[in-house]
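Chain residues, written in single-letter form:
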Amino acid sequence: MIEVRELTKRYGATTAVDALTFTVRPGRVTGFLGPNGSGKSTTLRMILGLHAPTSGSVTVDGRPFTDRPRGLRHVGALLDAGDVHGGRTARSHLAVLARSNRIPLSRVDEVLEEVGLVAAARRRIGGYSLGMRQRLGIAGALLGDPPVLLFDEPLNGLDPEGVKWVRGLFRRLASEGRTVFVSSHLMTEMEHTADELVVIGRGALIAAESLSEFAARGRRLSVTVGTPDRARLTALLLGEGAEVEEEAGLLTVTGLPAARIGELALEHRVLLDQLTTRTASLEEAFMELTADSVEYLAGDAR
Amino acid sequence: MTTLDVRVASVVEPRARFRDLVGSEWLKLWSLRSTGWSLLLGALAVVAFNFGTAWDHYRYWLQYDEASRAGFVANGMALWDAFTYNAALVLILASAAMGAVAVVGEYGSGLIRTTFTAVPDRGSLMAAKVLVVTVVQTLFGAVASGASFWSTQAMLSARDIGLPITHPGALRIVVASALLAPVCAVAGMAVGALLRKSAVSIVGAFVLLLLLPAVLTERRHLSAVLAHATPLHAWQRLGDAGPAVQEPFPWSTGGAWLVFALWALGGAVVTVLAVRRRDQ
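For the protein sequence lines, the chains are Y and L, in the order given. The first sequence begins at 27 in my numbering and counts up one residue at a time. The second sequence begins at 163 in my numbering and counts up one residue at a time.
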């Protein structure tokens, strides 16, 4: 469990993280979403004690992480796949980490096997692709078999097979009762991965709720209607109190369900060649919410 | 609200030991190919500078006049070849750079974040790193200095002017030259821990350990005091084996040893403390 309370980080006049409060619970995958530069990485670094908060606090399983003399058995983290020395082999990189935490060398081979790097384990990391580095970073996070795992943009550079594997891994880790906290700037990545979401924009909390709750927020139904007689149908729809926009020869109608639009067209003998209901995607909900926060904060800063 | 049937992950952890950090840092150093090469090439360069000087004296010995030869023997000048000033500069260069790289190599690659996430007790980790670098550099210095003494005196012995290690001051030169390596490496680590950027740190270490001592003269009191506080001048003092040179501000070998000790200790303390509070 990760508990973030009123966490704030300022660098000079810039506020990178602004009074964040949220809890990441065990047993599920929690997505940490925000546009680039919204403070995700800074927050993760503060959770790990790499950066000291300006104010507020963060605990991992009840204690500040910096209180632990050794970290790997408490938190496994992949912050940046590039946080390695290119001159070492994957195996020696992991062996160094394992040794510092009194983890047996046999565990290194286990995690290498788990992430599928056995064949490349004795090659130097400098020659690895980004996807292989991500796998190595994940191996490092798993090394101590920790109850809490943090991943910063772990899907970058992975091929579709890799993405599928990582999603399965996160599910499994969560089902084992672990706390899994995964950041991303793309909603589509989280859609099939996370159960819970923490969404931030410009360092401030926008939402901390389940994926379905979040999806409901941004759900605005619209209906796309195609007809040769657009002017007449538009007048009818406006008369019913709907909002209509015309684009590329199609009408986008909000505020009226497709069934009612169909009825109207039939009553007034308007020919329809298309009638499609669209639900706003999670991505749109995300964009809408973060765009708001950006505007709000930009205004606030003045 | 669903209740999840999850096993509460409990952490079973063995006691944290300093020696695991030392083992880890040892592994970290030797798992880079560059470590072995740097040490080998550094030692070869140092020995080559000394051996070259001894060879020069061997080669041109017969061309010196009688008085020069007598003076060479009387003043025990064979010991000057055992570890020359130029070789000391090369040793400082190599050790300061290797020390700085032991720290900034982790910052440059970002590895430091991985390291401090695995070991949140940053101070202990840096202390382990200092210990490992000190041990490796002491061995490096001992090999470079020992091989220099042996090879130069063997060369000069071909003219019957080589000196044994038991000669007064000979052992002191060998030990002081050997210890110059860890002293400068730890100072380099401290500069690296403070500055964190590779190029800036290496240049900073060179300025501190080479340029600064070179511009400080022995002729004015303040300048001489500052000069005596540098490892290079301390090494020169410890290498003075012959008759007392007329210096305006003489100082004891005890003082020179103390300068060595304070640099090593101070460097270690700065390296450990520099990582404590700052954001990584």
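Calculated from the structure, these hints are not laboratory results. Only a predicted model underlies this, so the values are computations on that prediction, with no experimental measurement involved. Any given hint could be a false lead.
[To be verified] Here are the simulated distance ranges between beta carbons:
(1) K359/L to D135/Y: 54 to 60 Å
(2) G108/Y to T379/L: 44 to 50 Å
(3) A45/Y to V377/L: 48 to 54 Å
(4) A361/L to N62/Y: 52 to 58 Å
Just so you know, even glycine gets a beta-carbon here, dropped at the ideal spot from N, CA and C.
Hint-by-hint comparison with the structure:
{"no.": "1", "hint": "K359/L to D135/Y: 54 to 60 Å", "in the structure": "36 Å, violated"}
{"no.": "2", "hint": "G108/Y to T379/L: 44 to 50 Å", "in the structure": "47 Å, holds"}
{"no.": "3", "hint": "A45/Y to V377/L: 48 to 54 Å", "in the structure": "52 Å, holds"}
{"no.": "4", "hint": "A361/L to N62/Y: 52 to 58 Å", "in the structure": "29 Å, violated"}
In this structure, the hints that do not hold are numbers 1, 4, in rising order.
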